[in-house]
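Engineer: Line by line, the protein sequences are chains A and B.
Heads up, the first sequence is in my numbering, so the first residue is 1 and it goes up one at a time.
Heads up, the second sequence is in my numbering, so the first residue is 1 and it goes up one at a time.
Watch out, some of these pointers could steer you wrong.
With a straight-line cut-off of 27 Å between C-alpha atoms, the simulated DSS-like cross-links for lysine-lysine are [unchecked claim]: (1) LYS88(A) / LYS173(A); (2) LYS271(A) / LYS48(B); (3) LYS88(A) / LYS116(B); (4) LYS173(A) / LYS48(B).
Treat the hints as calculated values from the structure; they're not laboratory data.
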Amino acid sequence: MMDIFLHPFEFEFFRNGTIVAVIVGGICGLIGVYIVLRGMSYIGHGLSHAIFGGAVVAFVMSWNFYLGAGLWGFAAAVMINQTVRRTKINADAAIGVITTASFAIGVALISRYRRFTQSFDAALFGNILGVTTQDLWVVAGVALLIIVAIFFVYKQLLFVTFDSEVAQVYGVKTEWIDTLFALILASALIASMQILGVTLIAAALVIPAISARLLTDSFNRMIILSTLIGAVTGFIGMYLSFYIDIASGASIVLLQAGIFGLALIISSLRKHASQRLMHTHL
Amino acid sequence: MQPLIELRQVSFGYGAEPALESIDLHLHPGQFAALVGPSGAGKTTLLKLVLGGLQPNQGEVYIHGQLLNGQPNPHVGYVPQLETIDWNFPVTVEQVVLMGRIRRAAIWPWPSMAEKRQMRTILEQLEIDHLAQRHIRDLSGGQRQRVFLARALIAEPDLLVLDEPTAGVDMRTAENVLHLLADLNRQGMTVLMTIHDLNAAAAHAPWIVCLNRRIIAQGRPEEVFVEDILNETYRGDMMVIRQDGMLFVQQRPHSHTYHEVVPDPVPGHPIEKVNDGYISASV
Numbered sequence: 001m002m003d004i005f006l007h008p009f010e011f012e013f014f015r016n017g018t019i020v021a022v023i024v025g026g027i028c029g030l031i032g033v034y035i036v037l038r039g040m041s042y043i044g045h046g047l048s049h050a051i052f053g054g055a056v057v058a059f060v061m062s063w064n065f066y067l068g069a070g071l072w073g074f075a076a077a078v079m080i081n082q083t084v085r086r087t088k089i090n091a092d093a094a095i096g097v098i099t100t101a102s103f104a105i106g107v108a109l110i111s112r113y114r115r116f117t118q119s120f121d122a123a124l125f126g127n128i129l130g131v132t133t134q135d136l137w138v139v140a141g142v143a144l145l146i147i148v149a150i151f152f153v154y155k156q157l158l159f160v161t162f163d164s165e166v167a168q169v170y171g172v173k174t175e176w177i178d179t180l181f182a183l184i185l186a187s188a189l190i191a192s193m194q195i196l197g198v199t200l201i202a203a204a205l206v207i208p209a210i211s212a213r214l215l216t217d218s219f220n221r222m223i224i225l226s227t228l229i230g231a232v233t234g235f236i237g238m239y240l241s242f243y244i245d246i247a248s249g250a251s252i253v254l255l256q257a258g259i260f261g262l263a264l265i266i267s268s269l270r271k272h273a274s275q276r277l278m279h280t281h282l
Numbered sequence: 001m002q003p004l005i006e007l008r009q010v011s012f013g014y015g016a017e018p019a020l021e022s023i024d025l026h027l028h029p030g031q032f033a034a035l036v037g038p039s040g041a042g043k044t045t046l047l048k049l050v051l052g053g054l055q056p057n058q059g060e061v062y063i064h065g066q067l068l069n070g071q072p073n074p075h076v077g078y079v080p081q082l083e084t085i086d087w088n089f090p091v092t093v094e095q096v097v098l099m100g101r102i103r104r105a106a107i108w109p110w111p112s113m114a115e116k117r118q119m120r121t122i123l124e125q126l127e128i129d130h131l132a133q134r135h136i137r138d139l140s141g142g143q144r145q146r147v148f149l150a151r152a153l154i155a156e157p158d159l160l161v162l163d164e165p166t167a168g169v170d171m172r173t174a175e176n177v178l179h180l181l182a183d184l185n186r187q188g189m190t191v192l193m194t195i196h197d198l199n200a201a202a203a204h205a206p207w208i209v210c211l212n213r214r215i216i217a218q219g220r221p222e223e224v225f226v227e228d229i230l231n232e233t234y235r236g237d238m239m240v241i242r243q244d245g246m247l248f249v250q251q252r253p254h255s256h257t258y259h260e261v262v263p264d265p266v267p268g269h270p271i272e273k274v275n276d277g278y279i280s281a282s283v
């Protein structure tokens, strides 16, 4: 039994991949709380596609992947925020237009330069084999920066997420907070791309947060639960990926979907129990 | 005495559509003023100008004699319309109230002991201290209004601004909320609120501002709630009843022509329309 547990750690790719999956899962869980509560669940899906476009552009231009894709994602997130703020366009429509156009640039470049199509499979579907020690350090650094940023703007971020318009009245620089959050989100997506893949990042952002929401009415507990769900499913998902031989992103997300189902059942049972209790008292 | 809030010849429009025109308004420390007018009259826009959320197209907004224009007003505690709140958001009463400290809060995610003490004092003052750990969804209408009032008060404002504090609550709760505001005003707090219920405004607010894009009139309820002013403000047919020292405002029943309601009520007997809509029928 212990051997089953320890055996995968003999491989460096698994060690690196598991550490990254835990960090990425936790970070996506943490950020996902703000995304879900802001009603912007679609942004993870859109922005990861936009970042894919940026990654292709970075490759073609021979830029550093993290810098090129990161700046591209950040620019897309800021454009979405500004479009929503300054026009009558809703967030979902702005995300749809900006991120799809960005993704299309990537697709256009891939179809033009067919020679490197193969190397983007990992970016699309996630691949633990692709995680190098350098990737590990980058992901750990990005995660640390995100945690520090959220720690110091925790109160402002909570107020803006709860009621952005009133937060501004109370002196919160909402535009600054939105821009910082766009940067945090773009960084998290870049860090997650290798392990989860563009197509599955959105789920990793949303599922832990909504599962946590079903289990608690407390914001602080939601943050902790969502981060834990993300990290633990990242860890177990890597084992599943190793033993069942499926893409790491898919195994993590499927596991999270299972947790969501469980949370849904627990939440329904709790609701049922409290209704019965109320009837008993009446 | 220097006004707390002063609007000088303020005009504002959304695009080409003017929302407010040439507004001159003074609010002195200790005043309790109700802003009344029909929907679309510019009440919320005026509040946003006072809050610093909007910048006037023309004119200036001063607070304590300092030009404000378009900057968040640091002297104000704001209570938004309860209908705009997401009641399913996972926050407790305590967390909502502490949001009001954001200007003076430390950078740590947790509140200081002093902030917690201050919060408890305000919650006790508003008689909701037992609800501190309660989720906001699990509160009654009156309790919800008190929570957002507590958030405004913890900001230590000179001015309380409330957008429709009686909207969406029952009559008794509305009465309680207005009594509470009157109490706070008696303790020295300056209050500016928008309100649709004219009778509640007449009963509780010592100063009324009638608005319909421009200020039609302002003064004490008995001076302002007269038919001419109300008709001009609401562009409708308003009726004022005075009884036992109290004021009641009512819209005159809508004057349909009888033909619109009952095309041919008594076959063979013609309906006559007289006096611009009032009806007589010869049966």
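Engineer: If a hint holds in the structure, say so; if it does not, say that too.
Structural biologist: Quick rundown of the hints versus the structure:
1. LYS88(A) / LYS173(A): holds, 21 Å
2. LYS271(A) / LYS48(B): violated, 40 Å
3. LYS88(A) / LYS116(B): With Cα atoms ~40 Å apart, LYS88(A) and LYS116(B) exceed 27 Å; violated.
4. LYS173(A) / LYS48(B): holds, 16 Å
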